[in-house]
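Using the sequences and the accompanying hints, generate a full structural model.
Spelled out from the first residue to the last, the chains are:
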Amino acid sequence: MALRAALRSRSGLSGLLSQRSSCSSDIRMCVSPLLVPQQRNYSTPPKIRVEFDQSTGVAVMHMQSPPVNSLSLDFLTELCISVEKLEMDKSCRGLIITSAQPKVFSAGLDITEMYGKSPEHCGAFWRSVQEMWLKLYGSNMVTVAAINGSSPAGGCLMAMTCDYRIMADNPRYNIGLNETQLGIVAPFWFMDTMKNTVGQRTTEMALQLGLLYKPADALKIGLVDQLEPEDQVIAVATQTISRWLAIPDHARQITKSMMRKKTIDKLTSNRESDIQFFVNFITKDSIQKSLGGYMEMLKKRRA
Amino acid sequence: MALRAALRSRSGLSGLLSQRSSCSSDIRMCVSPLLVPQQRNYSTPPKIRVEFDQSTGVAVMHMQSPPVNSLSLDFLTELCISVEKLEMDKSCRGLIITSAQPKVFSAGLDITEMYGKSPEHCGAFWRSVQEMWLKLYGSNMVTVAAINGSSPAGGCLMAMTCDYRIMADNPRYNIGLNETQLGIVAPFWFMDTMKNTVGQRTTEMALQLGLLYKPADALKIGLVDQLEPEDQVIAVATQTISRWLAIPDHARQITKSMMRKKTIDKLTSNRESDIQFFVNFITKDSIQKSLGGYMEMLKKRRA
Amino acid sequence: MALRAALRSRSGLSGLLSQRSSCSSDIRMCVSPLLVPQQRNYSTPPKIRVEFDQSTGVAVMHMQSPPVNSLSLDFLTELCISVEKLEMDKSCRGLIITSAQPKVFSAGLDITEMYGKSPEHCGAFWRSVQEMWLKLYGSNMVTVAAINGSSPAGGCLMAMTCDYRIMADNPRYNIGLNETQLGIVAPFWFMDTMKNTVGQRTTEMALQLGLLYKPADALKIGLVDQLEPEDQVIAVATQTISRWLAIPDHARQITKSMMRKKTIDKLTSNRESDIQFFVNFITKDSIQKSLGGYMEMLKKRRA
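These protein sequence lines are chains A, B and C, in that order. Per the numbering used here, the very first residue in the first sequence carries number 4; after that it's consecutive. Per the numbering used here, the very first residue in the second sequence carries number 4; after that it's consecutive. Per the numbering used here, the very first residue in the third sequence carries number 4; after that it's consecutive.
FYI, nobody ran anything at the bench for these hints, they're computed from the structure. Any given hint could be a false lead.
Any copy will do: because identical chains look the same in the list, a pair fits if it lies in one copy or spans two.
Claimed, not checked - Straight-line Cα separation of at most 27 Å, BS3-like style, residue types lysine-lysine; simulated pairs: (1) 269 - 198; (2) 302 - 292; (3) 106 - 138; (4) 303 - 223; (5) 264 - 287; (6) 287 - 93; (7) 292 - 93; (8) 198 - 265; (9) 287 - 138; (10) 198 - 264; (11) 120 - 198; (12) 120 - 292; (13) 198 - 223; (14) 120 - 93; (15) 198 - 138.
Next comes the structure, spelled out in structure tokens:
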């Protein structure tokens, strides 16, 4: 049943990325006197905007990299720095991750970082993807994903690192690890994260078929925990995180760490070989050709 | 959905332990000519009453340690001796565990065994908790929990060691590993037992939040297998166990042992370090202070 | 709930095997000009009939060993050779496994191969069971089980090796690993395969009780993925497999292999000891006596 529903709703990355032209900037500013935006020193517009409410100890991280919050090397570097700052700030106990772009949470890994690039560049890029996952999956903060748009591939991975996932109840959105649809393979730690979320069997089928689930189907298999009307997602995330923060930090953090340690250790102790594997795979002629064809198709759609 | 329902129903240990004053002695005696109560030689009233029906090969273990069947060192020692006797009696093939106290199955670990006690005492206590788990989770008998009251923390652990769980369908009762709510952490083998019962994702959320589930929610996530009217729980447990006993013992026992071996071996081979870890943790000033504050609160409620 | 439903529907192997007399030969031939039956050189009638449609890249393997597709040494040898041929044929990308016998998919391991046979014979037989599992669970092809009849024990194992399971929606059929009902034990790789399909808790209960599930219950626990009217099972399997084949082979195959590698490696590196364990177990007097009694009972039923 879930398979058939998911197959019907398969719109894929292509449908998503082609929305580039329709992207607008409806970022709602909601800075209150209590919110202390962190200082930044980038020459380009920041791709991440963090609002930290000292009265609650909760930071909201708005991803604002037009058009679709693609996970580029720059974006990931900025995101990791932001998370690390919050992690070291003892007054920050919770983190909500959401998107400031319309219709999309994050479209996943930026293909331009892997197409026609040197092995060195691909390796540095992959290290930053690993770093994002390690920082978020191993965070001491309570993390909640406020998934207010589609969230394929790396976007889904990012959402799965969180302690809780609330998704906008909009049937046009979808979420999943759809790598095989592009002819590539989700690495073992993507797999492990999904297995920890929805179990072995659902992961096996979802990954082989590169399934993207509509919100209602994602809820059914446990890929997200709760659906809310789109304009309520962040508000509900804020209420939810306050319940998690009622638990003593120390006990909650040790518990989280014990539950995830094995999965995290597996990447930590295989980090270099995982980079090597990715670089060898992605720089293959056949894979480059496939990525090139895919980007060409996207360009034509946009024209 | 499950989270929100569970959060609504969160009454916690405090609500439970404060019922001490209302505890009465409504233990229903149902000894038939076939039942052979085991001989006992304790100077204090026995905390465990075992009825063994030789005609069926099924023993019923009534926990009767007022007010709330707290797992004290004495209680656990008595329980382990009882289980061991039954295990060695080849005519005993099935065990039903239930409570003779009103409203509670077991309130879990006895805090007074960990507060203001010597490291030696804490270590001996912890060893007895391990022993209870090893004996029950590795039992060759068919074990069924007839959960006729609330079952937080160690009470939930005990229920989870069984092959099958039937809970009273009373929305005032709850079950779960709520350790984090008290600022402490469920050890790895509590975690493993819960993962084996409800899966990784549900365990991760339940343990971080210290969730206590109402019977209907516990059924939904698979923490219990069946709900029955309160006065039917033991009768249904008796019917259920007879179906399990229709399977040839030898094949069933090997199957059970193969399914649980890895989890049991993990504690067996880390038993001393687990005790050391517990003693170091529980004797910390901050944890002792937290336990003291909790006990003070309970005293005030009872007054 | 699931337990009670499954217990109600427990008809067991005996009911199944006793249908031998009613078996007819309603094998529907549906060879089209595109179908190229593979050449065979057996003196006895082939137990496996393969139809390969070059236009779709999909082979359909009809098991046709009267009366109930018991997994004998000959049957398994023929099946393994067929799978290997298809695996090496690069034009074959998908495999549907189904039964040409009425009312049964496969009744599982052939007891006559284990009763009154030499240790050498038992060992050779067990090796062929392992080989079947290794070939199917590790297949690079998309594999779909079109389960058009009952599927106990080894029949269930075979179905579980597939990527997707469609079962006839006939409440007279059942599926499950019911070994304990016969006094024997499903080996660790049967267990692992079931755990990968329905999770630890369901497997633990199903295997201890030797549960056979009706189609509706099998769907509920995830043992099968979809139910269809009996005469639609193969047609729907054909539609389903075409969706799986829309995914680039290379990415799908690596994904499948990564998801199953650990489970497969466990048998591969313990193959000889697993055979030794089986031979020691099955040649025991008590087990032989139990198998003998079971076969005697079947004979009487048929008379």
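Taking the hints in turn, this is what the structure says about them:
{"no.": "1", "hint": "269 - 198", "in the structure": "both (14 Å within a copy, 19 Å between copies)"}
{"no.": "2", "hint": "302 - 292", "in the structure": "within (15 Å within a copy, 64 Å between copies)"}
{"no.": "3", "hint": "106 - 138", "in the structure": "within (26 Å within a copy, 44 Å between copies)"}
{"no.": "4", "hint": "303 - 223", "in the structure": "neither (36 Å within a copy, 45 Å between copies)"}
{"no.": "5", "hint": "264 - 287", "in the structure": "between (33 Å within a copy, 24 Å between copies)"}
{"no.": "6", "hint": "287 - 93", "in the structure": "between (45 Å within a copy, 22 Å between copies)"}
{"no.": "7", "hint": "292 - 93", "in the structure": "between (47 Å within a copy, 22 Å between copies)"}
{"no.": "8", "hint": "198 - 265", "in the structure": "both (13 Å within a copy, 14 Å between copies)"}
{"no.": "9", "hint": "287 - 138", "in the structure": "neither (29 Å within a copy, 29 Å between copies)"}
{"no.": "10", "hint": "198 - 264", "in the structure": "both (14 Å within a copy, 15 Å between copies)"}
{"no.": "11", "hint": "120 - 198", "in the structure": "neither (32 Å within a copy, 42 Å between copies)"}
{"no.": "12", "hint": "120 - 292", "in the structure": "within (13 Å within a copy, 58 Å between copies)"}
{"no.": "13", "hint": "198 - 223", "in the structure": "both (15 Å within a copy, 20 Å between copies)"}
{"no.": "14", "hint": "120 - 93", "in the structure": "neither (39 Å within a copy, 32 Å between copies)"}
{"no.": "15", "hint": "198 - 138", "in the structure": "both (19 Å within a copy, 24 Å between copies)"}
Of the numbered hints stated above, those contradicted by the structure are hints 4, 9, 11, 14, listed in ascending order.
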